[in-house]
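First to last, the sequence lines map onto chains S and V.
Position 90 (the first sequence) corresponds to 90 in the working numbering; numbering is contiguous.
Take any residue in the second sequence, count from 1 to its spot, add 404: that is its number in the working numbering.
Simulated from the structure, these hints should not be mistaken for lab results.
Computed from a predicted structure; not experimentally measured.
Note that beta-carbon positions come from the ideal geometry of N, C-alpha and C, so glycine has one too.
Keep in mind that the hints are not guaranteed to be accurate.
[Said to hold, decoys possible] 20 Å max Cα-Cα, derived SDA-like pairs, lysine to any residue:
1) Lys597(V) <-> Glu89(S)
2) Lys496(V) <-> Leu343(S)
3) Lys10(S) <-> Asn252(S)
4) Lys195(S) <-> Asp487(V)
5) Lys65(S) <-> Asp113(S)
6) Lys195(S) <-> Leu538(V)
7) Lys10(S) <-> Thr240(S)
8) Lys400(S) <-> Leu260(S)
9) Lys93(S) <-> Gly774(V)
10) Lys523(V) <-> Asp190(S)
11) Lys195(S) <-> Gln508(V)
[Said to hold, decoys possible] Computed, partial: chain S to chain V, Cβ under 8 Å:
12) Lys93
13) Ile115
14) Met155
15) Ser168
16) Ser196
17) Ala326
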Amino acid sequence: MKKIFFIAIKDLKLRARDFYAFILLLVMPLVLILVLGIVFKPMWTSTPFVIDMGVVDFDNGEFSKILINDVFDSDDLKSMLNITFLDSEAEAKDRINQGKLAAVVILNRGFSDAIMAGENASIEVLADPEQSIKSGVVKSIVESYTLEVLKRRTMVETFLGTVAPYSSVNPQDIQKMIPEWLKEIENEKDIVLVKSSTEKKSTNEIPAMGYYAVGMAVMYLLFATNSGAETIFEERRLKTYDRIRTAPVHENVLFGGKLLGIFLVAFVQFLIIVIFTALFYGVSWGKSLSGIFILMVSSVLAFSGFSTLFASIAKSEEQIGSIGPALSMIFGFLGGGMWPVFLFPQWMNVVSKFTPNRWALDGFLKLMESNANFAQVLPQCGVLVMMALLFFLIGTLRLKARGV
Amino acid sequence: MLKKIFNIAINLLKITLRDKGALVWLLVMPLIWTVLIGSMSGPKSSSNTVPVGIINLDNGTYGSNFESYLAKEKDIVIVIKKDETELAQLVKDTKVSVGLIIPQDFSDSLKLNRSVEIKLLKSEKSSSYFIEELIGKVAKRMSIDALSANFALEKLNTLVQVPETSKPEIWERAYKIADAYFEPSPSIAVNYKVLAVEQKEQNVAVGMNLSSPGFAAMFVMMGVFFAGAAMVAERHHGTLARLLTTPTSKFSIISGEMLGFFLLGLVQFLILILFGQYVLGVNWGNSPFGVALLTVSYVLAVTGLGTLLSVFVRTSGQAGAFAVLVSMVTSMIGGSWWPIEIAPKFMQSIARFTPQYWAVNGFNKIITRGFGVSSVLSNFYVLIAIACVSLFASVVLFRFE
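Bound-form chain S, shown alone (with noise of 0.2 Å):
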């Protein structure tokens, strides 16, 4: 037992040694951490954003006036929308096309004198396709303040139109009364109300920079398993495992040390990541240490597995250096790691589930969204570990028979 231990350790030390490597290995997903939780951040917390956009007033109208002076300068939207005022549509087009505005809006000529004689009347936004999210918010805006408007005409419209038969009602007496009543119509809340029921899995939201905390250190346990197994071919071509095998070991032990060292290394690299995230990311993996540990524990375990499936069919070091990457990227992709899973199709789902990727994701989202404690955790571990034993126990025979 302790052999196999101090074997293990052997390969720490000497992968340690290739300190380039090792910081590599734990810099990727730290940097691809950080770079999609800030830009994830602003989205996932809807912490407001500025719109650069464009207004072109051909009308000069009233209507047209509101819109920019009481809609847009608002209080809520002023902070949020920096508006360019331009000359031509043209000009409006060339900075949409240049990426430099999300949207501009064009209040044409008779805008205003078209709402006042009760004639069709439209505002025009051009937008950018690249920019959909802000040009959508600059349409909303605008389409509340239309139907605003709209609301304000029908009103008094059909006021005006249900009181026609009537021949004893006073034209004057009406137009006297209107603009009281608009002060009224103002006030008048919706009726029609849609209310969305969402069937809300989770009770605390996992802010983005969590997510792929827990997405990324996951992948990236495949990329670290896997160099991991690349030695196994590299002591063979180094011909140092012959070397070693003069040593007065059984092979089984020798074979059982390499395993371990593998899982270590892979351990050590996830521990550091996870501390990493949770001091300088702000990110918090859960309440339960002990769910958090058994998590990991068994994570790496069906990836040292997956590791040394993937080198007893692996022709050369090299097979295992390229196709490798593939595989960690796919997996991690399948797992949920870069979309979240309900997004998938059906078949994906299913296809996810023999990832030991999509297993260790449920497994950490728990503890993270619902607080989940150790027991909770448990079936996911229970598969992960099953997956482990699969995966050490095909491996193991596959490469004893080629005589490793």
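For this one, chain S is given, so just place chain V on it according to the hints.
Then chain V, alone, in the frame of chain S:
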């Protein structure tokens, strides 16, 4: 000399193509990735319309008005249901995009100016932003119609004595007058025009929105960098040193290998364009010359950077790791994985230092905005500049172990 350079390039190609690992990156990965991403586009029926489930429990006639206004939208197909649990299940299984339940007292509430709620069932699983917007508009329309009818009746009553029995009829008449302002389209409306080639439904990005040009750029960089890794392995195994004993100049060797990487990258990009075109339905064909210019300059830039990278790594393991790291991070920052718009301003500035930014930006100009060659010339020049600088730097720094 040119012949030697060419031969070295071809040799590199041959070695790479024989290596199964390289084939994985060249063909298998892009194909798998294309399929995975393509499957993520959400529930769609064969005719590209979105199914919406409705349960109408209304006692009166206006619930069906709601239904018919919604049914008029060309992108929606209404599915009538009777049972709430059945509807909930359909939503959960994403067989319908959303479910609507119109309550019993819908018409009554409208007539009494009392607010009424339509329950909207949706699932986190499908992005229903667009549909919700449409539903919201119908709700607004009916609100205005009802408010107007109530208002008209109320004010009429203050001027003329309206007999109770006439009220319902007058209300309905008023409602029709109000509703006329929404046919055939709202009389005061917003004309929204996206300056793009295809008028596609503008989906709000839920998370990453990998695009064909975007991940083509990423995989090509990874592929070329991996080839650079192969070169490192070669150096490591000493074959390069042996090559140098032959009467071939250092320059020829480097140029030959770079040409090899370049050709590799070009082939890979071509394959990805074809996958994008025929599997994902991306229209790369708007300006073939523009696409060609961008592809060539991007692959050149990536070749230069790949060569530069290979100077700094010692083992093939490191090179592989570096290849993936640098490719993924620069692709993400550069806008390969999501529209640059969602990143904070400072990230958008950093993005301009990546070749991916210029490639994706250029491809979007052609594919999305529909512009031609002249619009992407600036992108072309920047990419060429990146290529020149990195190639120059690597030739200068190139040393042997």
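Hints, verified against the model:
no. : hint                    : result
1   : Lys597(V) <-> Glu89(S)  : holds (13 Å)
2   : Lys496(V) <-> Leu343(S) : holds (12 Å)
3   : Lys10(S) <-> Asn252(S)  : holds (16 Å)
4   : Lys195(S) <-> Asp487(V) : holds (19 Å)
5   : Lys65(S) <-> Asp113(S)  : holds (13 Å)
6   : Lys195(S) <-> Leu538(V) : holds (14 Å)
7   : Lys10(S) <-> Thr240(S)  : holds (13 Å)
8   : Lys400(S) <-> Leu260(S) : holds (17 Å)
9   : Lys93(S) <-> Gly774(V)  : holds (13 Å)
10  : Lys523(V) <-> Asp190(S) : holds (15 Å)
11  : Lys195(S) <-> Gln508(V) : holds (16 Å)
12  : Lys93                   : holds (6 Å)
13  : Ile115                  : holds (7 Å)
14  : Met155                  : holds (4 Å)
15  : Ser168                  : holds (6 Å)
16  : Ser196                  : holds (4 Å)
17  : Ala326                  : holds (5 Å)
The structure meets every hint from the earlier list without exception.
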